[in-house]
Amino acid sequence: MKHDWAFYKQMMRENTGLGWDATKNTIIADDDWWEQKIKMDHQYRRFRNKDLSLICYRYDALFSDIIAMGERARAANQEQISEIEVDLDKE
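Using the working numbering, you'd call the opening residue of the sequence shown number 1 and step up by one each time.
A portion of the hints provided could be inaccurate.
Straight-line C-alpha distance at most 20 Å; calculated EDC-like pairs for lysine to aspartate or glutamate [unchecked claim]:
| hint | residue 1 | residue 2 |
| --- | --- | --- |
| 1 | 37 | 14 |
| 2 | 37 | 51 |
| 3 | 50 | 30 |
| 4 | 37 | 4 |
| 5 | 50 | 60 |
| 6 | 39 | 4 |
| 7 | 2 | 60 |
| 8 | 50 | 32 |
| 9 | 37 | 60 |
| 10 | 50 | 35 |
| 11 | 2 | 41 |
| 12 | 24 | 41 |
| 13 | 9 | 51 |
| 14 | 37 | 89 |
| 15 | 24 | 4 |
| 16 | 2 | 31 |
| 17 | 39 | 60 |
| 18 | 39 | 21 |
| 19 | 2 | 51 |
| 20 | 50 | 21 |
| 21 | 9 | 89 |
| 22 | 50 | 89 |
| 23 | 39 | 14 |
With beta-carbon atoms standing in for the labels, derived distance ranges [as the list claims (entries may be wrong)]:
| hint | residue 1 | residue 2 | range |
| --- | --- | --- | --- |
| 24 | 38 | 60 | 21 to 31 Å |
| 25 | 2 | 89 | 20 to 30 Å |
| 26 | 89 | 1 | 49 to 59 Å |
| 27 | 9 | 89 | 18 to 28 Å |
| 28 | 15 | 62 | 44 to 54 Å |
| 29 | 64 | 89 | 41 to 51 Å |
| 30 | 89 | 20 | 51 to 61 Å |
| 31 | 34 | 63 | 22 to 32 Å |
| 32 | 89 | 62 | 15 to 25 Å |
| 33 | 64 | 21 | 13 to 23 Å |
| 34 | 61 | 89 | 42 to 52 Å |
| 35 | 89 | 63 | 29 to 39 Å |
| 36 | 53 | 89 | 19 to 29 Å |
| 37 | 89 | 10 | 19 to 29 Å |
By construction, these hints were calculated from the structure, which means they are not laboratory data.
No residue lacks a Cβ here, since even glycine has one placed at the ideal position from N, Cα and C.
The whole structure should be built from the sequences, with the hints applied where relevant.
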């Protein structure tokens, strides 16, 4: 599962001239490109004409780095931000 996702991400990042069919969730490339890539690495065969919605959307959510930003963002190993003290006696 994670291996397929990582290979897909690398393939999309390192190759130029690829398109994306948002209706079929498939990679658009001509037959010559696919044949050349499959000869170089047989793993490309798994992604040819395949619905990649699971890899793109589900696996991406599972395996991508999630980044929190802003002043209240904290890593899991950081202390929790203390709550803001409010003086209710002041009016």
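To see whether the hints hold, each was checked on the structure:
1. 37 - 14: holds, 12 Å
2. 37 - 51: Given pair residue 37, residue 51 holds - Cα atoms ~19 Å apart, limit 20 Å.
3. 50 - 30: holds, 14 Å
4. 37 - 4: holds, 16 Å
5. 50 - 60: holds, 17 Å
6. 39 - 4: Between residue 39 and residue 4 the Cα gap is close to 18 Å, so the pair holds against 20 Å.
7. 2 - 60: holds, 9 Å
8. 50 - 32: holds, 17 Å
9. 37 - 60: Distance of about 23 Å is beyond 20 Å: violated.
10. 50 - 35: holds, 15 Å
11. 2 - 41: Judged against 20 Å, a Cα distance of about 18 Å means the pair holds.
12. 24 - 41: violated, 24 Å
13. 9 - 51: holds, 15 Å
14. 37 - 89: violated, 71 Å
15. 24 - 4: holds, 18 Å
16. 2 - 31: violated, 27 Å
17. 39 - 60: violated, 27 Å
18. 39 - 21: violated, 24 Å
19. 2 - 51: With a Cα-Cα distance of about 17 Å, the restraint between residue 2 and residue 51 holds, given a limit of 20 Å.
20. 50 - 21: holds, 11 Å
21. 9 - 89: Measuring from Cα to Cα gives roughly 56 Å; hence the hint is violated.
22. 50 - 89: violated, 65 Å
23. 39 - 14: holds, 17 Å
24. 38 - 60: 21 to 31 Å: Since residue 38 and residue 60 have Cβ atoms about 24 Å apart, the given range 21 to 31 Å holds.
25. 2 - 89: 20 to 30 Å: Taking Cβ atoms as reference, residue 2 and residue 89 lie about 55 Å apart, which means the hint is violated.
26. 89 - 1: 49 to 59 Å: Roughly 56 Å apart at Cβ, these two residues keep to the hinted range, so it holds.
27. 9 - 89: 18 to 28 Å: violated, 55 Å
28. 15 - 62: 44 to 54 Å: Once the Cβ atoms are compared, 23 Å apart, the range 44 to 54 Å for residue 62 and residue 15 is violated.
29. 64 - 89: 41 to 51 Å: With a Cβ separation near 47 Å, residue 64 and residue 89 satisfy 41 to 51 Å, so the hint holds.
30. 89 - 20: 51 to 61 Å: holds, 60 Å
31. 34 - 63: 22 to 32 Å: Once the Cβ atoms are compared, 25 Å apart, the range 22 to 32 Å for residue 63 and residue 34 holds.
32. 89 - 62: 15 to 25 Å: violated, 49 Å
33. 64 - 21: 13 to 23 Å: For residue 21 against residue 64, whose Cβ atoms are near 22 Å apart, the range 13 to 23 Å holds.
34. 61 - 89: 42 to 52 Å: holds, 46 Å
35. 89 - 63: 29 to 39 Å: Hint violated: Cβ distance 50 Å, outside 29 to 39 Å.
36. 53 - 89: 19 to 29 Å: violated, 57 Å
37. 89 - 10: 19 to 29 Å: The hint (19 to 29 Å, Cβ to Cβ) is violated, given that residue 89 and residue 10 are roughly 60 Å apart.
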